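Undergrad: Below, each chain spelled out in residue letters.
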Amino acid sequence: MTGSFAHIGPATTTAFLASLVEAVEALTIVLAVATVRNWRPAGLGAFAGLLVLALIVVALGPLLDRVPLHLLQLAIGILLLLFGMRWLRKAILRSAGVIPLHDELTTFAAETAELREQARRNEARLDWLAALASFKAVLLEGLEVVFIVIALSAGRGMLIPASAGAVAACLLVAGVGFVVHRPLARVPENTLKFAVGVMLSAFGVFWTGEGLGVAWPGADLAIVGFAVLFLAVGFASVAFLRRPRIKALS
Amino acid sequence: MNMLIAVLRELIGLFVDDGSLALMILAVVILAGIFATLVPDLQLAAGAVLLFGCLGVLLANVARAARR
Numbered sequence: 001m002t003g004s005f006a007h008i009g010p011a012t013t014t015a016f017l018a019s020l021v022e023a024v025e026a027l028t029i030v031l032a033v034a035t036v037r038n039w040r041p042a043g044l045g046a047f048a049g050l051l052v053l054a055l056i057v058v059a060l061g062p063l064l065d066r067v068p069l070h071l072l073q074l075a076i077g078i079l080l081l082l083f084g085m086r087w088l089r090k091a092i093l094r095s096a097g098v099i100p101l102h103d104e105l106t107t108f109a110a111e112t113a114e115l116r117e118q119a120r121r122n123e124a125r126l127d128w129l130a131a132l133a134s135f136k137a138v139l140l141e142g143l144e145v146v147f148i149v150i151a152l153s154a155g156r157g158m159l160i161p162a163s164a165g166a167v168a169a170c171l172l173v174a175g176v177g178f179v180v181h182r183p184l185a186r187v188p189e190n191t192l193k194f195a196v197g198v199m200l201s202a203f204g205v206f207w208t209g210e211g212l213g214v215a216w217p218g219a220d221l222a223i224v225g226f227a228v229l230f231l232a233v234g235f236a237s238v239a240f241l242r243r244p245r246i247k248a249l250s
Numbered sequence: 001m002n003m004l005i006a007v008l009r010e011l012i013g014l015f016v017d018d019g020s021l022a023l024m025i026l027a028v029v030i031l032a033g034i035f036a037t038l039v040p041d042l043q044l045a046a047g048a049v050l051l052f053g054c055l056g057v058l059l060a061n062v063a064r065a066a067r068r
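Line order of the protein sequences matches chains A and B. Heads up: the first sequence at position 248 corresponds to 248 in my numbering, and the numbers run straight through without jumps. Heads up: the second sequence at position 21 corresponds to 21 in my numbering, and the numbers run straight through without jumps.
Source of the hints: derived by calculation from the structure; they are not laboratory data. Since we're looking at a predicted model, the values are computed, not measured. We treat Cβ as the ideally placed atom computed from N, Cα and C, and that holds for glycine. Incorrect hints may appear among the rest.
Some chain B residues judged to face chain A by a derived CB distance under 7 Å, without partners named [as the list claims (entries may be wrong)]:
| # | residue |
| --- | --- |
| 1 | I34 |
| 2 | A36 |
| 3 | D41 |
| 4 | L42 |
| 5 | A60 |
| 6 | V62 |
Using the sequences and the hints, build the whole thing.
TA: Given below as structure tokens:
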């Protein structure tokens, strides 16, 4: 089954933006490892992490093909709703100032301090610990990318466009990180999470509905309509939550 | 072992951050599923329950989080 343009465009863009966020977070840890030790354990750990992620994709792909389409759409749709609305909720609360924004420089400083403390305690095993930290960061952040790619492509024959979006984002972040050698703190992480949360929630509603047997009006184009609704509710929530704070400040 | 636990935690954390949000989403999906089963001629009603239920859950959850 192949996806329509209304499906491919949003799926590729969503995979790209989501992977951008995750790649920036993984890069911060890999850079911290490279700063405290050197690029060898950082690179080896990151490479091992990517290898495990590739194995997960290769192992999961054929398994998913055996699941009946409606069941797959329902399961993936529910997981997308849980995942996407979790991102959207956090992005709304951060935009409204209810919870603090994620700061890559703080994460970098914390990770560097922890690795230095480990180095002080156990110099002999530092290369191993540094590689492990890098491996863990790539694996854990990469799991989210793998889930998003598989979820956006499952049952729709869109593994290639969704993977292309994810790979392009990872290469872009790795390239920029390699050149600037600093955490990418100026990437508007919350705005990206807001956009990805909106898109994943829209996909989640669409696929959960299809899994339940709902024939959406406009077929794949309904995703765009759902995204507009989630975006409107997101913006309205931010405006509503900001209001009492502005009143309290004035 | 620690790595495996971290991976499992991360996997669960992908979908569940605020437990009440996850539970409410599942409740909306179940409600939409009941609609789809009981009124198969009105599948769009199940779709509307799903869509507006999710939007309502999101609104209620962020409002509650802000009050806390």
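Undergrad: The structure should be examined with respect to each hint, and the outcome stated for every one.
TA: Against the structure, the hints come out as follows:
1. Given the 7 Å rule on beta carbons, the hint for I34 of chain B is violated: about 10 Å separates it from the nearest Cβ of chain A.
2. Taking 7 Å as the C-beta contact cut-off toward chain A, the hint placing A36 of chain B at the interface holds, the least distance being around 4 Å.
3. Interface restraint check: D41 of chain B against chain A, minimum CB-CB distance 11 Å, threshold 7 Å, status violated.
4. Annotation: interface hint on L42 of chain B violated; nearest CB of chain A at approximately 10 Å, more than 7 Å.
5. Given the 7 Å rule on beta carbons, the hint for A60 of chain B is violated: about 10 Å separates it from the nearest Cβ of chain A.
6. Hint status for V62 of chain B relative to chain A: holds, with the closest Cβ pair at about 5 Å, below 7 Å.
Violated hints, in rising order: 1, 3, 4 and 5; the structure is consistent with all others.
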